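> For reference, the chains in residue letters:
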Amino acid sequence: MRSSVSRLSLWLLLTPFLLWIVLLVILPHLQMLRVSFQVRESWDSIAWGIEQYQNFFTESYYWRTFVRTGVMSLFTTFLTLIIAFPIAWYIARLARGCSKGILFLACLIPFWASELVRTYGWMILLRESGLFSSWLKALGWVDGPVEMLHNDVAVIIGLVYNGLLFMAVPLVTTLDGMDENLVEAGYDLGGGHGTVLREIVVPWGVLMPCCLNGYSFGARKSCTCSCCCRW
Amino acid sequence: MTRWLPRTYLTLVYILLYVPIVVLVVFSFNESRTGYAWGGLSLRWYEALFNNRAMVNAMWNSLWLALSAATVSTVIGALTALALHRYRFRGKKLLNGMLFVVMMSPEIVLAISLLALFLLVGLQLGYVSLLLAHVTFCLPFVVITVMARLSGFDESLPEAARDLGASDFTMTRTVLIPVIMPALLAGWLLGFTLSLDDVVVSTFVGGPSYEILPLRIYSMVRVGLKPEVNALGTLLLVFSLVMLMLSQWILIRSKR
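Taken in order, these protein sequences are the chains called A and B. Per our numbering, residue 1045 is the first one in the first sequence, and the count goes up by one each step. Per our numbering, residue 13 is the first one in the second sequence, and the count goes up by one each step.
Honestly, I wouldn't trust all of these hints.
[Claimed, not checked] If you want the footprint, here are the derived chain B segments under chain A, 3+ residues with CB under 8 Å:
#: 1; segment: 35–41
#: 2; segment: 68–75
#: 3; segment: 104–114
#: 4; segment: 166–179
#: 5; segment: 221–233
#: 6; segment: 244–253
[What the hints assert, rightly or not] Cross-link-like lysine to aspartate or glutamate pairs, in silico, DMTMM-like; alpha carbons within 20 Å at most:
#: 7; chain 1: B; residue 1: K238; chain 2: B; residue 2: E59
#: 8; chain 1: A; residue 1: K1144; chain 2: A; residue 2: D1220
#: 9; chain 1: B; residue 1: K238; chain 2: A; residue 2: E1159
#: 10; chain 1: B; residue 1: K238; chain 2: B; residue 2: E223
#: 11; chain 1: A; residue 1: K1181; chain 2: A; residue 2: E1191
#: 12; chain 1: B; residue 1: K238; chain 2: B; residue 2: E43
#: 13; chain 1: B; residue 1: K238; chain 2: A; residue 2: E1191
#: 14; chain 1: B; residue 1: K238; chain 2: A; residue 2: E1172
#: 15; chain 1: A; residue 1: K1144; chain 2: A; residue 2: E1224
Hints in this document: simulated from the structure, not taken from any laboratory. Computed from a predicted model, the values in this text were never measured in an experiment. Cβ atoms here follow ideal geometry from the backbone N, Cα and C, with glycine treated the same way.
Build out the structure end to end from the sequences listed, making use of the hints.
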């Protein structure tokens, strides 16, 4: 009796979720898969085939964009790591007491703003009639207005900026939990800064599962951000 | 050298972090229309913003959508988290894994697949399609927030309630719900901000019958310089800061 009651309540609790996952996650993906194998022969007849996939691989525009997105994603994730690591290191290992908390919080606050607002801020700075352009002109470095938006560098700036949080926060938490003795031992055994970084800190701080999490978050975000930046 | 180098680097990165946001806020109070010259302090862009009917309309639509999407996903998310926490059953690991897959998968894939489904069933793109899509990407975040709270939960409390003669229903109402309440609120706020923020999914599944704010902003800044957007961005910034501070405050207070 008891077990049948608990079985019933489990089903009641889980039904909305199961409906969600079947109807709004699995079904749409299956439909996407099905449509990808359909070929329109004429306005009212549809045949099965792999023509869409052939198009994708033969039309260089498609797979080039695809490869470009992947490369961009990897590159910006790497760049974000390079930029975020020293900050995370400073916050986690060097800063003490109050300044640690303040630095960490200061790193988080910009990301409480919406992504759209943040990216728009960069547009104000980088656009042809924007601040950077007019500053460069005032300094006499350029003659006319410079357009700094709508190019690869702008996309990378936007991606790195928006991805910084997802890199910095996991890095700070793992580096913070790192055993001080490990680093000391590295130096005691005669390792230089480079060796200690390579042999101890990187395997611990960068390859920890938590950071892989940050990594994949970065990659996921960057796929979506590129849409935002290339307005 | 070793002392000032890290500090300089840190200062530089922090400046870069804040520059776009500060510029946005400062220029929202700029009298002049240009994006680089300062023409004096004024609130004219805020006025222009609120006189823009389409904009105000989109704002209300967005708020209503975020409110309903957050509420629906919190209700479903809470039930799911309870089921995943309290019961052992076959396929539990699979469900857990799928949550993470949905959370990690690119938004654009989610958007295209949902659009394919909506077209298949002939659902008109508008409020309903947006709501379904927004619930879809909010739900995993809510479930994970509530599950995190439940995992630190003292298992002897429900036992004690049962030993004292409480029924399952009473136990849930008097013990379980108060414990997960902060996580529910935090999850709701998270869902609310996620929904208010989303551009990618809404671009695909939104329709002309129901215009929402992020898409409106997106289409405005594409055309050219629109100082109203600065004002709107500032308002959104203040709004999400308040919302997220509130959720942090609730979480911190509940940990004590």
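> None of the hints should be skipped; say for each whether it holds.
Cross-check of the supplied hints:
1. Remark: the segment 35–41 of chain B is confirmed as covered by chain A, as 3 of its residues place a Cβ nearer than 8 Å to a Cβ of that chain, reaching the required three.
2. With 0 residues carrying a beta carbon less than 8 Å from a beta carbon of chain A, the segment 68–75 of chain B misses the three-residue requirement, and the given coverage is violated.
3. Only residues whose C-beta sits within less than 8 Å of a C-beta in chain A count toward coverage, and the segment 104–114 of chain B has 3 of them, enough to reach three; the restraint holds.
4. For a cut-off of 8 Å, the count of residues in the segment 166–179 of chain B with a CB near a CB of chain A stands at 0, and the three-residue condition is violated.
5. Only when three residues or more bring their CB closer than 8 Å to a CB of chain A does the claim for the segment 221–233 of chain B stand; here the count is 4, and the claim holds.
6. Here's how the segment 244–253 of chain B fares: 5 of its residues keep a CB closer than 8 Å to some CB of chain A, so the rule of at least three is met and the hint holds.
7. Of the pairs offered as hints, the one joining K238/B and E59/B holds, with about 13 Å between alpha carbons and a cut-off of 20 Å not exceeded.
8. Proposed proximity of K1144/A and D1220/A is supported: the alpha carbons are some 11 Å apart, at most 20 Å.
9. Of the pairs offered as hints, the one joining K238/B and E1159/A holds, with about 18 Å between alpha carbons and a cut-off of 20 Å not exceeded.
10. The straight-line distance between the Cα atoms of K238/B and E223/B is roughly 18 Å, inside the 20 Å bound, and the hint therefore holds.
11. A C-alpha spacing of about 12 Å is found between K1181/A and E1191/A, which places the hinted pair at or below 20 Å, so the restraint holds.
12. Under the criterion of a C-alpha separation no larger than 20 Å, the hint pairing K238/B with E43/B is consistent with the structure, at around 13 Å.
13. Under the criterion of a C-alpha separation no larger than 20 Å, the hint pairing K238/B with E1191/A is consistent with the structure, at around 17 Å.
14. Our distance criterion of 20 Å between C-alpha atoms is met by K238/B and E1172/A, whose separation comes to about 14 Å.
15. Restraint check for K1144/A and E1224/A: satisfied, since their Cα atoms lie roughly 17 Å apart, inside the 20 Å limit.
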